[in-house]
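Student: Residue-level listing of the chains:
Protein chains: 2
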Amino acid sequence: MTDLLLRDVRPLGGAPLDVLVQGGRIAALAPGLAAPPGVAVEDGRGMLLLPGFVEGHTHLDKTTFHLPDWLVNEVGPRIEDKIDTEREWRARTGHDAGAASLAMAKAFLAAGTTRIRSHVDVDTAAGTRHVERVLETRATMAPVQEIQIVAFPQSGMLARQGTDRLLDAALAMGADIVGGLDPCAIERDPVRHLDIVFGLAQKHGKPVDIHLHEPGSMGAFSLDLILERTRALGMEGKVVVSHAFCLGDLAERERDALLARMAALGVAIATTAPASRPVPLVGPCRAAGVTIFGGNDGIRDTWTPYGSPDMLERAMLIGLRNNFRRDDEVALAFECVAGAGARGCGFGDHGLAPGARADLVLVEARSLAEAVVARPVRRLVVSAGRVAARDGALVA
Amino acid sequence: MTDLLLRDVRPLGGAPLDVLVQGGRIAALAPGLAAPPGVAVEDGRGMLLLPGFVEGHTHLDKTTFHLPDWLVNEVGPRIEDKIDTEREWRARTGHDAGAASLAMAKAFLAAGTTRIRSHVDVDTAAGTRHVERVLETRATMAPVQEIQIVAFPQSGMLARQGTDRLLDAALAMGADIVGGLDPCAIERDPVRHLDIVFGLAQKHGKPVDIHLHEPGSMGAFSLDLILERTRALGMEGKVVVSHAFCLGDLAERERDALLARMAALGVAIATTAPASRPVPLVGPCRAAGVTIFGGNDGIRDTWTPYGSPDMLERAMLIGLRNNFRRDDEVALAFECVAGAGARGCGFGDHGLAPGARADLVLVEARSLAEAVVARPVRRLVVSAGRVAARDGALVA
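From first to last, the protein sequence lines are chains A and B. Counted from 1, the first sequence has number 119 at position 119 by the working numbering; the numbering is strictly sequential. Take any residue in the second sequence, count from 1 to its spot, add 1000: that is its number in the working numbering.
One chain only, chain A, in its complex shape (with noise of 0.2 Å):
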């Protein structure tokens, strides 16, 4: 790790100054800064500068990034169809989630993004081998990038035993978060979901992300029992729910009484602020005191041929899903990929600030909003105060 001097760069688009990154760390944020002896100095050219990017939900083993050969996408409507879709698929081509994760993972990096929030799937096909595969993904790119991995059920865990233990196996090696699936609408047990995910966080001392996709008063039943599971356990800011599409179709009433209590526990929203159902907006989420921040899911798998690893385009489609259209509402929409992110996922020293891990982004843009809409390549990425890309591609 070589220290550094930025000079002639512009925070978030304010003035202009020169950022001195040492140990890993923003040492100082100030102009006219003199650069220490032995320190490399890099010209920002008045670029942009932005915190690292936070990818707070994807899916890094399941992707087909890294494959020669376009997966032409049949799938049936259904959440069923895609999650037998996949598990059959990746025992037919005996999926490689290293290679994949280890793929997906490089492209994050290359356009700026230093942290991950990883779902990675375990079921009685794939065991953990899927998780063992990102470990080592995680092992390799730590200098440069940290990846969060979540025992994710996505086959679902009542209907196929055993898939309690294998969870149970993957946190016991090194995955951080414990998953877990639309309780009512998937796993048709809500309270023997819950217990078991709740019961292996505090087994292991270890957070919870759950994919609730159930909508209106469904999801908010689910919604409730987790927020109720929350504050018996003592687990406030611990608690993660992804998606959470039924704060989109409730009443408003009933939508603010649940993000009032969401807020009081610090559970988050993960979203990925999808086109074409409802979602939770950012406005009443940031309103009522609610962590909401943004994430692809999955990107250019069995699931669907979108996503990218371009978190400023995920800012782009979180801002045009709130139609947020002036300069400080698009703020929001990066904000959701930055400083939200890594609140949200517990990422700490996040942040363009003395002391903060020296995650640093160059681009050249006028301003926070055109580095949105237009996504701009990256000149340069520092991560842990490592010079990790140059021009949009990974440094060697």
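Don't read these hints as lab results, they were simulated from the structure. Any given hint might turn out to be false.
Unchecked claim - Have a look at the derived ranges for each label pair, beta carbon to beta carbon: (1) E74/A <-> P1068/B: 45 to 51 Å; (2) G346/A <-> V1041/B: 56 to 62 Å; (3) E1254/B <-> L158/A: 38 to 44 Å; (4) D391/A <-> L1394/B: 19 to 25 Å.
To be verified - A few chain A residues that don't get close to chain B, going by computed Cβ distances all over 12 Å: (5) R253; (6) R379; (7) A396.
Here a beta-carbon is modelled for each residue, glycine too, at the ideal position from N, C-alpha and C.
Based on the hints, put chain B in the right spot on chain A.
Tutor: Below, chain B without anything else, positioned relative to chain A:
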């Protein structure tokens, strides 16, 4: 105009073949074509061949795309705020609709768009100046890009006396299409507004394209009046309704009744597929036999910081908005910025078939779906038989 043989390309991802271009048109598509004497040969290296893209609804005159400074958006939430803000900004800055539209049109061409329908503001402040300047852009671009101009009363017609005469003048000087705007919500006198719009269409023998942002039953009422006039005046196939948001929030039976009438009258829909509100969906429109096609709306103007001259990106946003995941569905999203756009706007001879205008785009993609989701650089753009761009940049 040079004739051209394009070797080894895969039309829409199909089997490799060659394309012979003569006199600005596709003369033949087949494997192993011989190059006639004197014909330039391009090696397509197995790249994906797409037809030239169609931008079906934009506002070339409004953009700030060409300006050195970023426009900070601080506009209010109502549509009237956006209309007033824009008119005042234009007057204050002396906005140059000629430079704006030319820069934007060129950016579209470099990204493969060879046909554009642009609404152009006509109002009592700017008069017909914007139309005059976009007519200049149209003339400049004519050899390589076909631009349709809609004379568009953005600031309303009824509240600003004389706007109808300005529209009349704009049509006389060469605008192609009569524009209109929210007959109830903005104009507040739907019959009078539509009678002027359709009266101008009759007088000039030109088609109609009406912005209809009105929601629900109000929008359905305006649409009913539009369809009534289309039939009464024998304007079948000559009317486009832009946005038609109401079709996104009506009950299915009412929606389908309107769609059936639209199909019978050849009334098409232009959609930007915004993520933040109900919109007409591609599936029901196509099932009813209604042509639905895509556009950006404004790009980086006082209304919105979003938008891109890349119609593959618009296709992606249409796909996301419609939850199109299967390859055959993503192909429908692409159709919205290609064949359907040409049909809806009345751009003739579009497509990849002998006799069609030789508007050709080459990209490195394994499939049509990949071209939409990955939006790769345009390696070659041919327009009316001329090589117009390479590697994303215009050829001089």
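Student: All hints are to be evaluated individually against the structure, with a verdict given for each.
Tutor: Hints, verified against the model:
no., hint, in the structure
1, E74/A <-> P1068/B: 45 to 51 Å, "48 Å, holds"
2, G346/A <-> V1041/B: 56 to 62 Å, "59 Å, holds"
3, E1254/B <-> L158/A: 38 to 44 Å, "42 Å, holds"
4, D391/A <-> L1394/B: 19 to 25 Å, "23 Å, holds"
5, R253, "21 Å, holds"
6, R379, "18 Å, holds"
7, A396, "24 Å, holds"
The structure fails none of the hints (numbered hints given earlier).
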